[in-house]
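Enquirer: This is what each chain is made of:
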Amino acid sequence: MSGTGELTYRRVHRAPPELLFDCMTKPEHLAHFWGPTGTTTPVENITVDLRPGGAFETTMVNDADGSTYTMRAVYVEVRRPDLLVWIEPEVEGGMRTSVTFTDLGDGRTEVTTHQTNVPEAYMSAQARAGFQTSLDRFDAYLARLTS
Amino acid sequence: MDRVWGVAVLEDDLSLVFSALADPTRRAILEHLAGGDATVSQLAEPFAMSQQAVSKHLKVLERARLITRSRTAQSRPCALDTAHLDTAAEWIARHRQVWADRHDRLDAHLAALQGRSS
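For the protein sequence lines, the chains are Y and F, in the order given. Under the working numbering, the residues of the first sequence are numbered 1 to 147, in order. Under the working numbering, the residues of the second sequence are numbered 1 to 118, in order.
In case anyone wonders, no lab produced these hints; they're calculated from the structure. There's no promise every hint is true.
[Unchecked claim] Pair ranges (Cβ atoms, derived):
| id | chain 1 | residue 1 | chain 2 | residue 2 | range |
| --- | --- | --- | --- | --- | --- |
| 1 | F | Q97 | Y | V12 | 14 to 20 Å |
| 2 | Y | V74 | F | P24 | 23 to 29 Å |
| 3 | F | A111 | Y | D82 | 21 to 27 Å |
Each residue gets a CB set at the ideal place from its N, CA and C atoms; glycine is no exception.
Using the sequences and the accompanying hints, generate a full structural model.
Expert: Set out below in structure tokens:
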């Protein structure tokens with residue numbers, strides 16, 4: 001456990017950072033992969049106003065029953081092709097997601113997603129209070145993150 | 001709403017948990033309770049706080065269902081309620097799964113764009 005108070009998800013893709021940045025910020029790309037499994041996010045349901053303060057909203061449609069869920073976020077930092085940061089003001093008193101694109105120099109790019117607020121509050125309470133059951137789950141979770 | 005919307009279903013509940021945990025005094029109170037049940041006056045002592053101030057924090061923790069308070073004893077001792085915290089852990093695991101699945105599909109999308117098999 002790092003104790004940094006961040007949840008991190010890393011993934012290496014075989015593509016240059018510019019393309020990955022565009023995939024994360026253009027509705028025509030996002031529509032292909034954004035929605036959670038079992039949902040679809042049609043291109044017309046995606047709003048991207050790519051500037052600090054601009055809106056990033058996606059309305060995901062449940063494949064099974066057509067119900068919808070809208071994520072409402074606001075961009076904080078937009079630096080193509082290196083960094084993208086948005087916050088979801090309505091989630092847990094403000095969840096911040098930062099996505100970093102690192103060129104590995106061999107045609108691959110590492111995409112690192114940090115989510116803060118949730119884990120920060122969670123981890124400090126966990127670490128200090130020693131809730132063992134939760135900690136065990138959290139360790140397993142972290143192990144999967146770093147595997 | 002079904003499990004596809006796990007994020008949405010639990011959001012209201014969890015925003016209470018996370019905002020309750022955001023305060024260092026409340027985390028310290030939880031830490032104290034991890035060592036055993038305690039009354040308001042027992043909690044107020046180490047924090048050099050008034051019982052009223054502690055009671056305010058306890059109300060927030062109780063509303064987030066991170067603690068329970070006995071209704072029987074007059075001193076109403078507080079106890080840690082870890083079940084709800086486990087729910088928070090599950091939420092985080094699910095949230096992480098959303099990103100993993102998302103990147104799986106992104107991989108496939110990139111492969112299609114580049115005309116290769118993923």
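Enquirer: Work down the list of hints and note, for each, if the structure agrees.
Expert: These are the hints, each one checked on the structure:
One distance hint, 14 to 20 Å for the beta-carbon pair Q97 of chain F and V12 of chain Y, holds here, with the actual separation near 19 Å. Against the hinted window of 23 to 29 Å, the Cβ-Cβ separation of V74 of chain Y and P24 of chain F comes to about 27 Å, which satisfies the hint. A111 of chain F and D82 of chain Y have their C-beta atoms about 23 Å apart, which keeps the hinted 21 to 27 Å range intact.
When each numbered hint is compared with the structure, no violation occurs for any of them.
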